[in-house]
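Enquirer: What follows is the residue order along each chain.
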Amino acid sequence: MDASLNIVIVDDSPVRAAILEEGLREAGYVNVVRIEGTAKLLARIYALDPDVILIDLENPSRDVLEQMFQVSRIVKRPVAMFVDQADSASIQASVDAGVSAYIVDGLKKERIKSILDLCISRFNAFDRLQTELEQTKSALEERKVIDRAKGILMKAKNLSEEQAYALLRKTAMNENRKIAEVAQSVVTAAELFK
Amino acid sequence: MTETRLRIGFIPLCDAAALLVAVDKGFADAEGLDIELIREVSWSNVRDKLNIGLFDAAHLLAPVAIASSLGLGHVKVPIVAPFGLGVNGNAITVSPQLHAEIIEAADSNVLDPLVTARALARIVAERKRGGAEPLTFGMTFPFSTHNYQLRFWMAAGGIDPDEDVRLVVLPPPYMVESLTSRQVDAFCVGAPWNSVAVDLGVGSILHFSCEILAHAAEKVLAVRARWAEENPDVLARLVRAHQRAADFIEDVSNRAEVTAILAAPNRIGVDAEVISRTLEGRLKVAPDGSVRTDDRYLLVGRSGAARPDPVQAAWLYAQMVRWGQTPLSKELLAAAKAVFRPDLFDAIVQSGEAITTTPPDGIGAFAGPAFDAEDITSHLNSWAIKHR
Chain A
84 MDASLNIVIV
94 DDSPVRAAIL
104 EEGLREAGYV
114 NVVRIEGTAK
124 LLARIYALDP
134 DVILIDLENP
144 SRDVLEQMFQ
154 VSRIVKRPVA
164 MFVDQADSAS
174 IQASVDAGVS
184 AYIVDGLKKE
194 RIKSILDLCI
204 SRFNAFDRLQ
214 TELEQTKSAL
224 EERKVIDRAK
234 GILMKAKNLS
244 EEQAYALLRK
254 TAMNENRKIA
264 EVAQSVVTAA
274 ELFK
Chain B
17 MTETRLRIGF
27 IPLCDAAALL
37 VAVDKGFADA
47 EGLDIELIRE
57 VSWSNVRDKL
67 NIGLFDAAHL
77 LAPVAIASSL
87 GLGHVKVPIV
97 APFGLGVNGN
107 AITVSPQLHA
117 EIIEAADSNV
127 LDPLVTARAL
137 ARIVAERKRG
147 GAEPLTFGMT
157 FPFSTHNYQL
167 RFWMAAGGID
177 PDEDVRLVVL
187 PPPYMVESLT
197 SRQVDAFCVG
207 APWNSVAVDL
217 GVGSILHFSC
227 EILAHAAEKV
237 LAVRARWAEE
247 NPDVLARLVR
257 AHQRAADFIE
267 DVSNRAEVTA
277 ILAAPNRIGV
287 DAEVISRTLE
297 GRLKVAPDGS
307 VRTDDRYLLV
317 GRSGAARPDP
327 VQAAWLYAQM
337 VRWGQTPLSK
347 ELLAAAKAVF
357 RPDLFDAIVQ
367 SGEAITTTPP
377 DGIGAFAGPA
387 FDAEDITSHL
397 NSWAIKHR
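Listed in order, the protein sequences are those of chains A and B. What the first sequence shows, in my numbering, is residues 84 to 277, in sequence order. What the second sequence shows, in my numbering, is residues 17 to 404, in sequence order.
Simulated from the structure, these hints should not be mistaken for laboratory data. Any given hint could be a false lead.
To be verified - Reference listing, derived: stretches of chain A covered by chain B, where coverage requires no fewer than 3 residues with Cβ under 8 Å from a Cβ of chain B: (1) 98-110; (2) 135-148.
Stated by the list, open to error - Taking lysine-lysine pairs in the BS3-like style, the calculated list, with each CA pair at most 27 Å apart, reads: (3) A:K123 with B:K144; (4) A:K227 with A:K238; (5) B:K353 with B:K144; (6) B:K65 with A:K196; (7) B:K92 with B:K65; (8) A:K227 with A:K261; (9) B:K92 with A:K196.
Ideal Cβ placement from N, Cα and C applies to all residues, glycine included.
All chains should be built: construct the whole structure from the sequences, respecting the hints.
Expert: Right, here's the structure in full:
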């Protein structure tokens, strides 16, 4: 572990970048910088002179970073891919997680193995968080639709709230559908009859 | 027949046409292939996901297939190309200001790439004398036809692409925006991005890439060499579906249906009319509405475009050597040529149709001697500007 390494995070998701930065700081890395946007990306990266660059795979600017492998006037320090030829498991894990790492040539890969492992676990954690958020959101949406359907049924058929819900549930069971789907049909039908 | 499931990656560009039509028109399904298309945001992603097996096949830059097979810039994974997705199709677009300067500096017809390259050299020299920032050119990837076409063109006019100008990688969707904000003065990219810049009035198309090289392999259907060996039957079905799609695309009576398929938001996702211009080779080249036509602008299956030609691989390898991306050796040349597999294509597609419209040396460059795939050294020696 080498706390003095300069680490740059290129990620257009501010939340994920923050999660990653926090993880790196907790692990003791003090020189961590996040950058966003595409304008003069390479120039900004060179100005920071990083030892390690982390980029998310949904970022089209990844191709811009590939230029750092080239020997040309604009490239001051050549860069190498973190993973070596034999280490296909590492590539697989990082691509699966959606992150890629580049390091300056000559840096021993053992020195940053922990950084990549940390990236992978943080990216995976972010992914789980996103999924949970999506699920919560859709559960909330479903509840709203069910409430509206209940209201429609109560008014149209003069039912209590419990009776309206029981009717939705019974119909769903009979038709082998989800309650939210039946509720959506009720809402749609009501819109049509307006 | 049980359906074989395949995952195939692509970048939203017009030369993914054969792949997209093969899937969306049902040619793949007719071959018993259930293909999931995955739209990607970078060539690095396409390459990596193909290399590690997340993709079974991919729409890939021809030079990336070679670089991957030679282990240049990244992990070495042998790739084979049994089918050519597109020949040509790029263009060089310049800012209105640079366009005016080139016309001003040109001593004759600006449709001639040698005239424009020399004009550009004069502009570059003038800027140097005046202490101005060097001109910046955008291209799509270090191992791209765009990079080599830009370099080939300007070097013929006397410009050293690594010393006299800046060449920067930009993802295609950012090209137009970068030209507008003047981060770049020009770019070389595939369709539809040149037309988008012209339509927005922020650039003029200076050259079609087919004016620089009459016949240049652009994208290939790429698979891992090992996968091709292990799945010969699936490969044959995949190539057949692509050939049927290419034939369908080149039949002008299908144009409306083809452009509708390609324009879909989850495919290329641009206006059908812009795609139509590309397939017709009839492009608006300047904001004033002037039009240039060239039936070689983008070849999908026509003129032998679908049959992988090792001469093309040799030319691309020669550019990698010329610009210092790899050393020159017989072994590497042979390995590069072996990526393009006309033998696989011939065994699967019985076309029987003689191909007569390719240039005599297979490339048809606007400058320099005829290309000889057996003699890369002579090709390299004929250029004053190189970085070996």
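Enquirer: The structure should be examined with respect to each hint, and the outcome stated for every one.
Expert: Hints and how they fare:
Figure legend: the region 98-110 of chain A, annotated as covered by chain B; annotation inconsistent (0 residues with Cβ-Cβ distances under 8 Å, at least 3 required). Look at the region 135-148 of chain A against chain B: 9 of its residues bring a Cβ nearer than 8 Å to a Cβ of that chain, three or more, so the hint holds. Distance hint between A:K123 and B:K144 is fulfilled; the C-alpha atoms sit about 22 Å from each other, no more than 27 Å. A distance of roughly 17 Å separates the Cα atoms of A:K227 and A:K238; the hinted pair therefore holds under the 27 Å criterion.
Proposed proximity of B:K353 and B:K144 is contradicted: the alpha carbons are some 40 Å apart, above 27 Å. Between B:K65 and A:K196 the CA atoms are separated by roughly 21 Å; this keeps the pair inside 27 Å, and the hint holds. Between the alpha carbons of B:K92 and B:K65 the distance comes to roughly 13 Å, so the proposed pair stays at or under 27 Å and holds. Proximity of A:K227 to A:K261 is assessed by CA-CA distance (about 14 Å); at most 27 Å being required, the pair is judged to hold.
As the CA atoms of B:K92 and A:K196 are separated by approximately 21 Å, the hinted pair is consistent with the 27 Å bound.
Violation of the numbered hints given earlier is confined to hints 1 and 5; the remaining hints are satisfied by the structure.
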